[in-house]
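Order-wise, the sequence lines are chains A and B. This note's numbering numbers the first residue of the first sequence as 201 and each following residue consecutively. This note's numbering numbers the first residue of the second sequence as -6 and each following residue consecutively.
Take the hints with a grain of salt, since some may be wrong.
[Stated by the list, open to error] Straight-line distance between alpha carbons at most 16 Å, and here's what the computed EDC-like set of lysine to aspartate or glutamate pairs gives:
hint, chain 1, residue 1, chain 2, residue 2
1, A, Lys340, B, Asp38
2, B, Lys33, A, Asp339
3, B, Lys34, A, Asp339
4, A, Lys272, B, Glu20
5, A, Lys276, B, Glu51
6, B, Lys85, B, Glu137
7, B, Lys198, B, Asp158
8, A, Lys239, B, Glu51
9, A, Lys336, B, Asp38
10, A, Lys228, B, Glu61
11, B, Lys85, A, Asp270
12, A, Lys265, B, Glu208
13, A, Lys239, B, Asp42
Keep in mind that the hints were calculated from the coordinates and are not lab data.
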Amino acid sequence: MEHKKVESGLLTAFIEGDRRASRAFLQKYGGIIKYVVGKIVPKGYVVDTEDLFNEVIAYIFANKKRIILDFKQKCKFSTYLYIISRRYALKKVKQETKIPNAHVSSPQVENLPAKLMEETEEWDEEVKKALPLAIKQLDKNGQLFIKMYYVDNRSMSDIMRMFNWESTNSVYSKKSRILYKLRKNMKKILKEWRLTQCIPT
Amino acid sequence: MEINSMHTDLTESDHSLSPEQIALCAERGLKAIPLSREQKKHLIDHQMDEVYAAWEFEKATIPVLDAETIETIIDTHVHSQPLVSPVDIWVKLGEYIVETIHKAVSWQAESPAFAMRTTTSDSVSFYKKLGKMTIHLEIVRRDESLADINVKLTDNTGNNSYTFDVELIKENRCIETINTTRNNLVSFLAVAIDDYMLRVSDANKEIASLSLRMEQ
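Okay, chain B solo, but in the shape it has when bound (with noise of 0.2 Å):
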């Protein structure tokens, strides 16, 4: 198993509690976590250890890593540029709330275009001006896995633009292409978490691409 695969295998499985739903456990008891009752019979059988062992380390006297050791760590695992997100917006959907991870420099939270809906914790709105354009974009929640994504185009006084093209891309083979002459809002229905890239066009002529991607 790779390496980076493995946080999701470390945390989510089952009825398993999260490192942190543990830690909180040790920390302030049963009582500073509501568990379903899977889950409590899954503490019992299988993660009291984890309780017992965070205890054990409360009370220990942990030791400091020597200097040396530091700096060869960092050589090994720090680059000495910030890695840079390879994809644009890149947001994840949780429970309730759709957090946003990443976005690109280029990209402004919180679009005016969909300022007039109801703001909500389960949606994450971007724009961006390119030139006499922008485009705005929104990511609806539906559920853990699936999301609604919305797309606005406005010129720059803020009056929308009716005909345009957009396009879902995933694993570079178009999944579907919505072509609107009349409305002002293009939306794409429960879209599944993935990496996906988005085409604006107007008029035959690309305006802009956008790396998307949508996590659990």
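Bound conformation, chain A alone (with noise of 0.2 Å):
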């Protein structure tokens, strides 16, 4: 609670351009920015990281009293403001380096995860056909443990903590869940592609 207060006093002072406390702040926080800046310059292009930096740090000052603001003080402010300063340098290394996505970004849920594909092997080819669709048809719970699980292949740890469990067997049930609940989609879809006769090639 005590930090809490120190914290909000600090930023504080900061948003009122208090020379101090903008020392302060940037001796807490500035090394965050020098992180992201480092972190999010893609490679095989060439971007000139002081220049990236000093534009987050202009970013962060001309906006300091909204994002302070905009700060409900639930999570780290360390977190919330690497998010920020994340996002703005991205956004400003895309247009740069003039490509749609600067940073690697993850594969979405519609493209089939091999991993999943090897799971599935033994499964019928043609019932295979309809996992896609089936993959949409899984609550969003679902698809987000097929993405993290599947495509991006996290971490049990990190699969556990997103979801708030305790063990791994939570995951090992979740995933065997799941892919029961796949079996069954692609079963029912693939009943209506017969009735329909649209069995797609």
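Could you fit the two chains together into a complex? Lean on the hints.
Here's what the structure looks like:
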């Protein structure tokens, strides 16, 4: 609680343009912007990191009031500032490099993950044609699980953290439930296709 | 795009999660934030990268800026005098509440003239003494983009004044004038968020004018 008060005092003084508070702010959080800049410049693209650093700093100072007033103190300020700096830096990098996705973006759920294809290898080929649609029919948590587990290959601990699970057993049981649902959805889709005689080739 | 207008652009688009929501999601998992179906879809399709990046950031060793860089930044971006807000009253209409972002020192919060109303978080009131008169202002939120502006005028003993004019001015043009001879309350209803001037006159003599900013 006391820590939050001190933090809040520092941020308020920073908004008001106090030089000492600004110095303390930069000592505490300035490194985050340096870290962001070092991380997001895509390989193979020449972007002046010093310029990018200065642009992010300028953005933070120009919008400090709004940034800090929008912060409801539910999470750590450092993580919040990191996300804001990263979004702005990414935007600038995209503009500079003129590439639509400057940062390596994760594949979409729509693209069939190879790991899932391997696991469902024994499934009937015809049934697997319905897999993309069956994934879309899962609930959002199921889709998120597929993305994290099969598409992005995240670790067990990451998945447990995201879903607030306490043991790896939850991950395995969720996986089984999802595969069961997928198979069920696919059979249903296939049945509809057969009825309408429009099985995709 | 101007640097000042980009913050809104970075935080509020369609169903995208705000930086704080992403940070919260990364720190405490999905259960920590109630998300709509559309927001979850947006998170899965476009924003999981940010969650992963936040996890990576948590584990990383963050560099410290050297003193010279800090001083250069301060000299460039921090003015020697604190910035003075160009408006007297500045409020933000939130999802459920009205938040005061700034009020000039001459204005007091929580006007006694509006204290009789039920105190709710969807309205804010202010007052300012001007010689023998006191002007009272209340902003009542309708939604995130509309608010009602109520104005009262009292003398210093708290008696209501029943004869006064209030002009609502936007970009130097008067958009509405209300003249009252019987009511002690003047209300501008469903005013859209923007910058305004309010000019209060009594028997054709200007008593006060104030600049008001309402934003989302």
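Results for each hint:
A hinted pair counts as satisfied when its Cα atoms are at most 16 Å apart, and lysine 340/A with aspartate 38/B qualifies at roughly 11 Å. Proximity of lysine 33/B to aspartate 339/A is assessed by CA-CA distance (about 10 Å); at most 16 Å being required, the pair is judged to hold. The suggested pairing of lysine 34/B with aspartate 339/A holds, with an alpha-carbon distance near 10 Å, which does not exceed 16 Å. The straight-line distance between the Cα atoms of lysine 272/A and glutamate 20/B is roughly 15 Å, inside the 16 Å bound, and the hint therefore holds.
Distance hint between lysine 276/A and glutamate 51/B is fulfilled; the C-alpha atoms sit about 10 Å from each other, no more than 16 Å. The straight-line distance between the Cα atoms of lysine 85/B and glutamate 137/B is roughly 9 Å, inside the 16 Å bound, and the hint therefore holds. Between the alpha carbons of lysine 198/B and aspartate 158/B the distance comes to roughly 10 Å, so the proposed pair stays at or under 16 Å and holds. Under the criterion of a C-alpha separation no larger than 16 Å, the hint pairing lysine 239/A with glutamate 51/B is consistent with the structure, at around 14 Å.
Note on lysine 336/A and aspartate 38/B: the hinted pairing holds, with a Cα-Cα distance of about 12 Å set against a maximum of 16 Å. Distance restraint check for lysine 228/A and glutamate 61/B: the Cα-Cα separation of roughly 15 Å lies within the 16 Å cut-off, and the hinted pair is therefore satisfied. With a C-alpha separation of about 11 Å, the suggested pair lysine 85/B and aspartate 270/A falls inside the 16 Å cut-off, and the hint holds. Between lysine 265/A and glutamate 208/B the alpha-carbon distance is near 13 Å, which keeps this suggested pair within the 16 Å criterion.
Between the alpha carbons of lysine 239/A and aspartate 42/B the distance comes to roughly 13 Å, so the proposed pair stays at or under 16 Å and holds.
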